[in-house]
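Asks: All chains should be built: construct the whole structure from the sequences, respecting the hints.
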Amino acid sequence: MSEIPLPHSAKRVVPWWLLRHETMLALILLVALIVLGYLNNRFLTLDNLLNQGRLTTEVGLIALPMTFIIITGGIDLSVGSIVGLCAILLGYSWKVFGFPLPLAICFSLLVGAAAGFLNGIVITRVKVPPLIMTIATLALYRGLAEGISQARSVRGYPEWFYFIGQDNLFGVPAQLWLLLISIVVAAIVLDRTTFGRTLYAIGNNETAARFSGLPVDRVKLIIYTLSGFMAGLSACVLVSRVTTTRSDMGMGYELDVIAAVVLGGTSIFGGVGTIWGTVVGLAMIQLLKNGLALTGVKGDATIVVIGTVLILSTLVASSLQRRREGV
Amino acid sequence: MTTVTLAGAEVDLRRRLKVLASQEALLAIAVIGLAIAVGLYNPRFLAARNLSDVLLGNAYIAVAAVGMSMVIISGNIDISVGALIGVLATISGTLAVNGAPIVVAWLAALVVGILVMALQGVIIAYLRIPAIVVTLGMLSILKGGLISVTGGKWITDLPDSFHLADIELLGVLPFPVFLMILATILAALWMRYSASGRAIYAVGGNAEAARLCGISQPRTIVMVFALHGLFAGAAALLYATQLRVIQSTVPPNLELTIITASVVGGVSILGGVGTVVGSTLAAVLIAEIASALVFIDVSPYWIRAVQGVLILVTVIADILRRRRMAGA
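Chains as they are written, first to last, in the numbering used here: chain F, 129 to 455; chain P, 190 to 517.
Any given hint might turn out to be false.
What the hints assert, rightly or not - If you want the footprint, here are the derived chain F segments under chain P, 3+ residues with CB under 8 Å:
hint, region
1, 251-262
2, 270-284
3, 442-450
As the list claims (entries may be wrong) - Not close to chain P: a few residues of chain F, all C-beta gaps over 10 Å, as computed:
hint, residue
4, L158
5, L178
6, A242
7, A329
8, T423
To be clear, the hints were calculated from the coordinates, so they are not data collected in a lab. Glycine included, every Cβ here is placed at the ideal spot set by N, Cα and C.
Replies: What follows is the structure, given as structure tokens:
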């Protein structure tokens, strides 16, 4: 790659919107869809695509607040462990404490929010870097899940509970509605509210945001709490889909979530990113997994692909950004 | 060592020495105190057999934590090391089983370890991608790659001479413990007294100041990662040779245990501060706690929660202590 800057006249040959990360990604997604559909005729069917939507919901629900967090220049590595902890507490409070199931669901959502709140409060008050704080709670929350469950699983939930994870509503998987509504809300919040714009301000220059009188700490506290809450929600959907709770649930989710967000064009350095990008990133990762599986690649090999995609997409994004800035 | 300096500077130095020494001293006291306390509750904990098993089984974590400490002191992080240890153990074992000379099998783990980590160092330092993204990606590449290549099969029928961990120096000192102590001392001396060792602290403490002093930040980071790979290779050999088989998995979240050892050992997560003596003591402490849980009739499933609390408390204490020092 040459470092010689292009002459000014050559710079705008391609329209700017085509060079946007999301547009390029959507084009790649389209090509990938066609190629995978060509390779396997079971891939491009409505049933399969809807089913992939069902499978991506758990990661997708967490990817939305993760987009907020990464835009502020933070990160949350504990989300997979929060899923595990919430799943365990859902089963445990229902079976052992004898909570009615609706109460158990609320309890597990509350625990998720509390777990995220703990991340947020230490990050904002004690000023522990988010990376380190959430590595610590990645160990802590998973440890609590293992300790509480003692490696025992809980099964046998009432039939109505499986609706959200397994049934259809108007011909579309029930949890996909949940994801779609969350996406729309998240996109509006990020794009059209003061709160959303504050996230970009924090990511671009936190000190400047602080001096502009923006409630930086409160906003951060809210997004980390939200991240925990959504991880709790994701846990409920997951338990409803797979009908059992185990302490290793959600293990490795942080990889899928961060890969989707970063692939979607959200800069890991903060300040840049959109919900639409994350949605395309999510679709990309899920379809990649599914497409590879249908063409006979085993599950373990697909995480190799996701890891590679994560590193390469960050490389491309950062070199594009550097070129744009003319460095 | 005598210091002939101005009184103010001497007090300052002494205060700093005290702060630095406290973490290691504290850990040493914790290691001994815990042993006594658990021993009083259940004397079987203090049986020589149990104590040496604890050390033998976890020496590889301490060795890996030496490299991890360097990485964290330089202001980076690595979460791929657990998966890498699994890959290196498998590579070495496969070579040994297929008739390669044992020394070649051992060296392969070290060389591949250095290469993989140096590659990550290059991407982090020269292409300026955050360490967390690179190592998270590498974690999944290594983990997924290992399982899909081996199909989860165990390696058995390893030649007897392959088992490094069986060697006892002078008939008493098991090799893993010897290597743990040797790696810690060598790394500690090198980091304390050599220019390239000090450069790690400089880069992690204040990258801009280091650059102005003529220290190349990218080169230092690549060096740190290459060394980290070397220690990971050594750790992989200890891990691979302590049992008669090599499983194609490592303990889940092994990287977390290694990071915990470094951080609890006093390596500041903000970079620039810490010693490998602390991280080795912390690795021993963590292993001791895991074993102690069994002897005080607490389910071992709580071990990761205990680790989480340990790392959380140390990190918060570290930040608060720094803030107080900055404020004083």
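Asks: Now look at each hint and say whether the structure bears it out.
Replies: Results for each hint:
1. 251-262: holds (count 7)
2. 270-284: With 8 residues closer than 8 Å to chain P, the region 270-284 of chain F meets the three-residue bar; holds.
3. 442-450: holds (count 4)
4. L158: The claim stands: F:L158 keeps its Cβ more than 10 Å from every Cβ of chain P (closest is about 25 Å).
5. L178: Since the minimum Cβ distance to chain P is about 27 Å, F:L178 lies beyond 10 Å and the statement holds.
6. A242: It holds; F:A242 is separated from chain P by about 15 Å at its closest Cβ, greater than 10 Å.
7. A329: Check passes; 21 Å lies beyond 10 Å.
8. T423: 14 Å, holds
Consistency with the previously given hints is maintained throughout, with no hint failing.
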